[in-house]
Structures are given as C-alpha cells and as structure tokens.
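Trainee: Produce the entire structure from the sequences given, and follow the hints as far as they go.
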Amino acid sequence: MYEKAKDLAAAYVSRRISRRAFIDRMTKLGIAAAAANLMVNRLSSQALAAGHDWQKHKGRTVKLLLNKHPYTDAMIANLDNFKAMTGMDVKYDVFPEDVYFDKVTATLSSRASQYDAFMTGAYQTWQYGPAGWLVDMNEYLTQAAPNYNWNDVLPNLRRSTAWSGVPGAALGGDGAKQWALPWGFELNSVSYNKRIFDKLGMAPPENLPDMKEKAAHIAREADGMYGIGVRGSRSWATIHPGYLSGFTNYGARDFEMADGKLNAAMNSPAGKEFTGLWVEMIKQSGPRNWSTYTWYEVGNDLGAGASGMIFDADILGYFMNGNTKEAGNIAYAAFAAKPGASEPTPNVWIWSLAMNAFSEQKEAAWYWMQWATGTEHGMFGARQMDFVNPVRQSVWDDEGFRDRIAKTYPGYLEQYEASAPGSKIYFTPQPLFFNLTTEWAASLQKMVADEVPVDEGLDQLAESVNRQLASVGLR
Amino acid sequence: MQHTSWHWRLFKGICLALISLFFLFPILWVLLMSFQTNEDILRVPPSPFFTPTLDNYRALIAGELTGAGSTLKIAYMKNIWNSFVLSACSVLLSLLLGVPAAYAFARYRFRLGENIAFTLLSFRFAPPLLVLLPLLLYFQDLGLYDTYFGLIWVYQLITLPLILWIVRGYFEDVSPDIEHAYRIDGHSWLRSFLKIAVPLARPGIAAAALLAFIFAWNNFVFALILGSSDVQPVTVGALAFITASGIQYGQIAAGLVLSVIPTFVLALVMQRYLVEGLSLGAVKG
Amino acid sequence: MTTQDMTQAAALPARRRSGRMRALLPYLLSLPALVVTIGILIPFGTAVYYSLQRYNLAFPFTRGFIGLDNYAQFVTDPAFWNTVQISLLYTVVTVGVELALGLSMALLLQHRTPVNNLLSVLLILPLMTAPAIAALMWKLMTNPNFGVFSYLVGLAGFTEFRWASSPSTALFTVVLVDVWVYTPFMMILLLAGLRSLPRQPFEAAELDGVPASFVFFRITLPMLTPYIITASLFRMLDAIQQFDIIYAMTQGGPGDRLMVFQVQAYLEAFTFTNIGRSAAFLMVLWAITFILSNLFIKQWLKLRERTHRAA
Amino acid sequence: MSFLILDRLTKSFGALKIFDGLSLSVNRGETVAICSPSGSGKTLLLRLIAGIYEPDAGEIVIDGRPVTGLAPDARGIGMAFQNFALYPHLSAFENIASPLRARSVAAPEIERRVRRVAEILKIGHVLQHLPRELSNGQKQRTALARAIVADARLLLLDDPLRNVDAKLRYEMRQELPRVLREFEATVLYVTQDFREAMALGQRIGVLCDGGFVQVDRPQRIYSDPSTIEVARLFGDPTINLYDSQLADGVVSLLGLGLALPGCAGAARRPCRVAVRPEHVQIAVNGEAGERAGLPVTIEAVTPLNQNAVLLLHTAAGDELLATTTLQRAEALACGPREAVALVRPEHLLLFDRATGARIRTD
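Chains as they are written, first to last, in numbering that gives the first Met the number 0: chain A, 0 to 474; chain V, 0 to 284; chain R, 0 to 310; chain G, 0 to 361.
Hints are computed from structural coordinates only; laboratory data are not their basis. Take these hints with a grain of salt, some might be off.
[Claimed, not checked] Below, in silico cross-link-like pairs of lysine-lysine (DSSO-like), each with a Cα-Cα straight-line distance of 27 Å or less:
hint: 1; chain 1: A; residue 1: Lys90; chain 2: V; residue 2: Lys77
hint: 2; chain 1: A; residue 1: Lys361; chain 2: A; residue 2: Lys176
hint: 3; chain 1: G; residue 1: Lys16; chain 2: R; residue 2: Lys301
hint: 4; chain 1: A; residue 1: Lys361; chain 2: A; residue 2: Lys198
hint: 5; chain 1: A; residue 1: Lys82; chain 2: V; residue 2: Lys194
Mentor: Take a look at the structure:
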C-alpha cells in the first residue's frame, strides 16, 4: 500500500493527476490528508533534488535572521525537509516585527557574519544594497538547480526587488542587481465587512469618491462603526499601502526625473486632488485615533467589527477572516481609486530573502534561499500554512491552493486576479526612501489635524524633500 | 500630627482612594484582559463582564500560541528567565561594585572623589542609542555579542549609577561614630563595613536594588541589539504577540502579568526594608 | 639603640603600610566600579567621532570627516529647535507632576500602618510594567472603539476626545502614561526618605503645637530635599531621554508634536541609517543632560556640606 | 615610665590649626581629666589617640609603642562616645561583647565577662534589648561597658555623662572612679564640667589654644591656675576678674589697693586681678574693724548648693561676687544693704593682661 501511495504522490508532484484526485485516492488508501501532504513534500524535495548536488554543503549550519511572521512559521514547519535533503542544519533567530528591522540594520551595520541570510522588504534593500551589505543574487540565480524555475516568480515582483542602485533608475531596469528574492507579498485592495455592506444594501466601493461616500454612509448608519480603516501613524508604513496605491491610480508620482536628477512631484495637481479627497475621507469617516493607526489597529478594527472596510494589504483582510469576531464576514474587492481608471494600481510590499554580504558561507546560504523560495516550499506554505500571497505563478495555478482559498476566503482569488496585473512597487527607488515617506506621513497627520491645508502641506513637503535630496547630491 | 480631625482624615482617605484608583485600575484592567479572549477584549463598548479563560496563560506557559489559522512557537518563559538572569546578575554585580564605591564617596573626601562619582553618574547621561551601534561593533570584536556576560556588563549603565547614588545618600545618614566605635573595638575595616555600615544602610540598599532591578527588567534595547533571540528579555518577548496576523492583546496582558510577578514578589519580600526607612533610631550623629 | 627605638623601628613598615592603605582605601573602593564601566567610554568616544562625520550607511562613498557641520545644521533647522522645546517641556511637566504627586503619596503613606505598607508596594506595580508594554496597553485602553478609558471619558461627555491622536491632547496623553509609570519611582524614594528622617524635630514641633503647614515647609521639606534632588535627578535623566512611551504611542506624531530627542535620533539611526546626524543629535542631548545634572548635583553637594557642617 | 605619651602633636583642618605642638604624658593606671571650653578640640584629641584621625605631625606612644599611623583596631584602646555610638541593630549584649568578639574570645568567656561588667554597671537586666529600647542612662552604661569590657590598656571617655540627666550624672560621678579602679585602666576623661573633672581626674589637663596650658592635680588647678582661662573655667560661681595695674608691689582691686610683698620693686605693668568669690568676705555693721575694705551694696542673694552667692555692686557700679554660708546669707539679707568687702592679698591671682599668663606673686 505504501508503494501505491508513493506512486500516487509522485504522479501528483509531476502533475499527472489533480490535487483533488490525489487526495481522493489517498483517502481511499486510508491515508489522511496531512500524512499525504507530508509525503508529497518529501517527494517534492526529492524532485527538487534531481539534477543538483544538494548534499554539497552537508554538515554546514546556516544561520538566519527572521521576522516573527506567518511566512517564518511556514518555513520552520517545513524545515526538516530541507535538512533531510541537504544534510545541512539551519539555525534561526526570530525577532518580533516591531523591532525586527532595528535588529537587521544594527547587525548589518556592524558587518557581522553571524547571519547568512535574512528577511527583508524591498524598500530596505534601497539602503542595504548601496551600503554594500547585500549580495547580488544574479550570480547565484545562474547556478540554480534545474527545476528552480526563477521565471515562475511573478515578473513584477522580480523587477521590484531588483535595482541598479542609481537613485531614480527604474526597478528591474538596466544593470539592476537582484538584491533580494521575493518570498511572499501583499498588494493593496479593499477588504470589507460583507455583513454590514449587505445590511446597508451596498456594493464594494468603485472608486475613491464612492469609497468616501460609502464610508460616510457606514459611519452614519452602522451603529458605533466607522467607515474606512487606513493607516495613519507617523511612519513610512502609512504611505505605502492604500495611500500610494490610490495616489498612483490618480496618475500622481512621488518623483520625476530630469537630467538624471530627482525632483519631488507629490504636489502635482493629481497628487493634490487625491490627497485632498483622502484627507477628507479620513476626517469624515476614518478612525478617531487615526494618527496612531498601524497595520495592527487597521486589521483589529476590521476583525472586531469596528470598521466597515479597509484599504490596505489584501492579506490583512485575509488574516482577519479567521479567528476574529467577524471571521467569515470579510470579503475582498480590487480597487482602482480614480473614477474611470483602466485597472487598479496596487503598490506592493514584498517580504524577500536577502543574503548577508559578510556571510562566510554564501553558497550554503544560497542553498537554503533556493529551497525557501522554491516551488516546493511555496506550494507547501500556500496549501497548508498562511504563506500568502505566494510569489510564484505555479502556486497561484495550484488547484489545492485555489480550492482552499476559494472555500475559506470567498472573493479573495477574484480580487487577486483583478489586482495582480498592475501590482508592483510604485515608489521611485532612492536611498532616502524612509526619510521622505516618514515626513510624508507626518505631513498627512498635520493635514488631517487641520494644522495645514492639503495643497500647502504638499507644497511644503515637496520643498523639504527637494532640500533633502539636494543635501545628499540627488538633486 | 496626632491631633488630626476627622474631616482631615476623610480628605486623606479620599485622596488615597483616588490615587490608588488611578494607579491600580489599569493594572486591574490588564489583569482582567489576561483572562479574556481577544474577541472579548475587542468588544464595543468595553465591558468587565466575560467568561474567564486560562488560554492566554496556557499558551504562554506551554510556549505555543494559536493565532489566525496556525500555531506559532514562542519562548516567553525563556524570555522571563533571561530577564531574571540579566536583571538579577546585573543588580548583584552593581551592588558588589556600587555599595563600596557609594561608601567611599559618602565617608571620605578624597582627591578626584567627586569627579569619579560624577563620572559614574554620567554613564546615565549617555543616551543608550548613542553608544549602541559602536558598542555592537566592539562586542562583535570582543566576542561578547550574544553573551549574558556582555549584557550584564552593559546593564551596569542602568543599574550602577542608580545604586551608587541612592546608597550614597543612605551611608551619609549613618553616623560615622558607630563605625569608629566598631573599629576601636578591634574590628578590621572590612568587618565594620560588612557588619555595621551595610546593615545600617540596608533600607537604602534594598530600595536601590529593587529599583535597579525594575529598571534592568524594563530595558529592552540593549539585549535586542547586542544579543540573539536566545538572550532576549520579556520586554522583547512580549512584542512577539504583535504579529502580522493580529495583536494578541489577551496574551500581551497575560505576558505582562507574568512578567510583573517576579518583580512583585521581590518587592513583597523587600517590603519590610523598603518601608522601614532608617528607623533603627537616632542613627544620624 | 634603646628598646623604644627598636620597637619603633619594627613598627615602622607596618605603620607606613597602614597609613598608605588609609589614603588608598577610597580609591580601592570606588575604582572597581569605575573600571568596570569605563569601557563604555570607548564606544562613547566612537560615537563622538561619528558625530563629526558625514556618515549615512546608505551612502558609503560620501562618508568623511566634516567637523562640526552636523551640529551647525541644527542651528538653522526648525525641526531641531522644535525637538529641544518639546523635550524640555516634556521633562519639566513630567518631573514636576511626578514630584508633586509622588510627594503627596509619600506623605499620605508616611505612617507605618499595615494598609499603608501594603499600598506602598501595590502602588509600585505600574513601575514594574515595562514602559514599552505599558504604552501598548494604554494605546489599547485609549482606543476609541475598544478602549476602556475612551469609553469612560465618553460617558463623561467627551465623546470626541482623541487622546494621543490629536495634536492638542497628545502631550497630555503621553505625560499621563509617563506619570502613571514613573510616579511610583518618586514615591518609593521619597517614602523611604521620609521614614528615615530623624524623629526629634517632629516630636519637638508636636510638643510645641506648631501648625502642620509650618512643620511641612520648615522641617519636612528641607530635610527631605536631598532625597527630592536624587529622585528628581534620576527622573529628569529618564524623562529627557524618553523613548519607549512616546515611540510606542505616537512615534513622535501627530505631525512633529512629540518629536523628542531620542525618537528623532532613533529614526535617524535605525530607519534613515544616518549615523552621523543621529550621533550629533544625541550629543546635544547628552550636553543638555550633562548641564542639567550638574545643576542638580551642585545643589545636592551644597546641601550635603550644609548638613555636615551642622552635624 | 609614662603609659601614654603625646609628643608635639599638630593637626589642622584646612587653614584652621587645631593643635599646635600639643604634648601630654599619662602614667599607667592614672585618670587624667581633660577639661576645656567647648570648641577647643577635646573630642578631636581623643580621636587622634584612637586613630580615627591622624596627626599632621608628632607622635603618639601607647605603652612604649608608637601608634601613629596604626588603624584604630590595632591600638588596643577602649572608647566611649559622647553620643554613645551604640550599634542600633545589635542587642545591648552584642554591643558590649563586640570588643571581645574582635579579640576572638571564646563564647562562654564572652558571656562571663559581659555579665560581669553589666552587673557592675547595673544593666544586667536589659542585655537583650536593642539600643532604641534603652533609656539614656542605660545607653550610657552600655557604651561604658563596651569600652571597658575587654580590659583595654587605655580608656578614652568622651564626655560620657553629657547626655544623661543630672541625677544619673551625679550617681555616675561617684561610681565611675570605683569602676575604673576595678579595671585598672589608664583613662583619659574628656568633660566640659569642671566638677566632673575635679571629681574624676587624678590630674586635670586644661586644653586651650592648641595645647595644654596646665596639667596638674585638681586642687592645684583650682588654687593655682596658670592662665586666666584655667581660672575662669574652674569655679562656680566664676572667679571675679578685673583690669588693674601692678605698681610698686601694690595692686588695685576696684580701687582697693592691696600690697603684694613678693612683687615689691617690680616694674609697673598692666595686669588683671582675680579673686575667687569664696575669698571675698563680707563685713557689715563695722565688723571689718581696722582692715581696709571695699564699700559695696548687696544687690542680690542667691542660694547655691550649701552656700549662697552674693551679688555686690561697688559705688562705681562694678560687680563683685562673693560666697558665704546660708546662715550668714540669711542674716545679711535681713540687715542693711551697705557692706564692706574684704580680700586678703594672698588670695589674689594676677595675670598678664596681654597673654593671660599668671604673674607669680610669691
């Protein structure tokens, strides 16, 4: 019977049978889904191993610096397979998200070799890369195992994690260095409380004016609930989700390039129009404590039924649909802010894996990164853990994953498919990213607090940004 | 002061009640939260009535916490242990170094004495952030990174100035004649220090040690930057309940309660010394 | 040689050693503390050096010595002066409120009754909650939807009270949390001080029927002053370097309303990787702290001289 | 040979010179009382001997051994402090046992010796009490017991009776010499009270202006003071003292010329003249007879112990004190206020006006 199960698993791994057929037949053999999955993983690893000397670094120990995140949990859950396949050991330090990047920045700045690879966001690589702390993964990608299939990774994400290091140069453009490998990502769309929307007889918002109106309607009609949750804390993280997605959709840009120099452009007419509506919407029907709102508060409120909808990461809505008061009531919708826009333009956050330039065993580290960003682990995480959104097309095409999402998160796939084509990083890469976006957030706070009118606030911001760019020779 | 009228006493009682309410209500509320599910905590409007659950504590003590859809491993009890080791060892080392020094500053006028005392206090001036990154460099070079030893050393920046300056004040309040008498009795300097000076300044030493312990316990930036996840204290550990898939307020509350227990027990044990003051009679000469 | 000469000669080395020991003793006692902590001066020196450099980790090739340029930039930077102002305001308000409240609490709990003793331990509880986590809890308790304080304040009619979120109440909110966390520190030091005061002056005043206010201002307060100075000094050191509470509650916002030194320096160093500027920022903070502490300590030493002369 | 020798001790604090070449020697078993006005450094002197402070120059020799520079615990002395300096956290028993523990005496022996000294000092019943539970008198006895329990060769008693009430002070004044004799100690006894010094000291040292101005038997200190300070310090009521001139063997006391045969022929010089109140006789109603006297009026009569003090005014308004018996005082109080004060020349004490040194008249 075991042989039969193994054959089945092999058939599934090589995609000769569908997932549903595989599970059905395994069940007939009396093998539970969990056990079946484990078997699949082992076989997948073996499949991955084909044509590549995975045992080359046997006995080595790779050390990782990781963020406390569902992605990390998924990786750790599957780690034994990597160890078995390579004979390597993996040690990891996991730090809470709140302090994770402080730890990374400090560690890298000391040029220490104790971590071989670590998790990072794409924006951070705009500092770490020029600082000389990261390895350009292009040189390793050429040596990948035959079935690694780098091109399976969504092209927008591959480009968004590659940059030449020239401020203002397009991501993934000429001479771009692959500073990191995409691992998991989130795009920005609307997650809303379907129970309330149904009760009020509303459809998800069509565009920003509509969103503003519906949010106000919820604030008026739904008892004790406010309309729209968006982030507002004094941090770069306030700018990159909903705000920048809508900002871009209105045709505004953060910078313009002129003669190889950057020029602040957030005070363009389009930028002012969008920001004006945005600020107005928050004042009308945003959370009362908006300026302290981070990812966590925005999510909490949606999950606890305190807000009608959010314009934030899709996976935040995904997480809030389980284990919360409103679990099962959360629905998803792609969102293009500008009335009449052709498609949504969600900015994305990409949790990626990067290699420490000071690592003393880079190739061993690469082995782990290759495995962790590979199809097999992506598949495992997407099917069984919260390793969403996957970065590989093959995973999105996987029926097991699609089944699971369609069942527990209705509308999520549709949202994703509508959002995905336009999803990428819309920021102009430059090393002052965090200075400028933090100031941008502070500026928004002042506008919402009525300390400065929107237009004037954006003008002041652009002026200040230009001054800072000039001081480091970027303008 | 004995002849207090009843309305004065009533007024004092009301003041104490209000103050206690202000300081203890949040603690009480957190305690209640620690027995609630996240759903109960995130109710609109908040309410003190709920069905208590021990899940938060169970999760913390077992080291497994069930989040949205998955089980996360946490090491909170290990964090508490780390906090305890770091704080206790730091305070002990600070007492060992600081009490004799405090005695020297209180008893002797010596060349550079005030300068040394001020220098030791000035370590408290340096914002931790200022020295943090250079310190990390040196720690890497010296092999002190990620060691209890290195962290205990750095924690001296927090604990030593506090102990030194508080204890110094208490030594100054002890009459030197008592020690002179003991020396004349034929005891060595060391014995008079250990048997007379230290026991008499004990309330001050206890208060300073407790406060230093609390400050060490509450620190997080040093261990965060200078150590791996193996040596992280509760202050960092408690942040692990803030994850992308949501903030586990119930677990943070339970974590807070658990993290306060060791310090609170210590305070109860030291209560006798803390509140007695230098009440052993006319100590001051 | 007489017998006396001989004993004298024999005793001499021992006596010399003893005399030298006596002169050395204070150094022997205080130097270990100094030696153990002096290592910190090395990183401190490194940080000073950083502050004189153009040093942004993200621009490795522009790194270089620029003298006092980082500092010079502050002079014309309104954000810098905003930070100085906010930090000092925050320090004065928190230390002032905590001193007044802590002293009142110490006076209320002065007498040794079982209730007072129990309360004095219970009231230290806020100090035992790490400020970073306490701030998180306060953030929840002041959340407009789920927060118990928002709810209670709403019941009292302030439905639009926005706590840390509004520029007009943000300072109040973080000061409230700071007061909640740190007043017990003042209380415990002042209570220990109060209970250590010699009793004779009070007994004498009581016999003479001196009014309570006179006893407080002319006897209690002057005798308690050294303790007040020590406690305020340490609170001042922590308040001007406040980070945990403000960062956890507002990250320095709304706008630049709570942009105190350490928050700004933290952002500069860890988020903007601008090490040179961050170091210069912190050096200014260090200088302010140094000057303020010096004032406190001068006062303390003066008092100490006075009491010793009186004794 | 002297048991304790203080040899030209000098001690300053900053610019303030406290002792300047102070010397003293004390015989074995002798009790020397040190008496002086307050602020003259009595307590400091004991602390130098005990080793709490070190002299800037000079040598301290105890029993033939120079001890300057030795730590207090190496000097083998016992000391009782004015403020008692009991160990507040130890029982009276442990307070007293402390010197014995320092000498590693066996426990039963400690018990025996503490009991013995406690019996002698009548504090046997409070040995288990903490100092704060003792009365002042008991504290003082405990401090004393601690000083003497280990048979220290040298006892330094720093005004031990100052902080106890009058009754107890009187009792102890009687008792102490017996106790000290019992322990055969050599004693330096510091006090501000001349009576105490006279009662306890076999000799009295008067400390003034950085050194001893006179060290002598009590009676000699009283009757033959070497300086004005000594004369003033001893005697109650205090000695009468006036500016005067010495010329041709005659000195004037408030205008009353008195011939001093021993000074005949000496040069004329300014001086101060002193006479003790008990040497001023009062004559009324012609009792004086032929003798030359000073006309005075009796202003007040105040009883003092078994005697009475008369406050007299001369015609010029100068004050003069005299002592007399109570009976006599009663008689005088009923009689006329006019009287004559009689002084015998041999009772006069003359001092140099500039230096305060005694001018010998015999």
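Trainee: Next step is simple, just say for each hint if it's right about the structure.
Mentor: Taking the hints in turn, this is what the structure says about them:
At roughly 17 Å between alpha-carbon atoms, Lys90(A) and Lys77(V) fall within 27 Å of each other, so this suggested pair holds. Between Lys361(A) and Lys176(A) the alpha-carbon distance is near 17 Å, which keeps this suggested pair within the 27 Å criterion. Simply put, Lys16(G) and Lys301(R) have alpha-carbon atoms about 24 Å apart, close enough for the 27 Å limit, and the pair holds. For the given pair, Lys361(A) sits about 56 Å from Lys198(A) by alpha-carbon distance, which is inconsistent with the 27 Å threshold.
For the suggested pair Lys82(A) and Lys194(V), the alpha carbons sit about 60 Å apart, so the restraint of at most 27 Å is broken.
This entry does not satisfy hints 4 and 5, going by the numbered hints stated previously.
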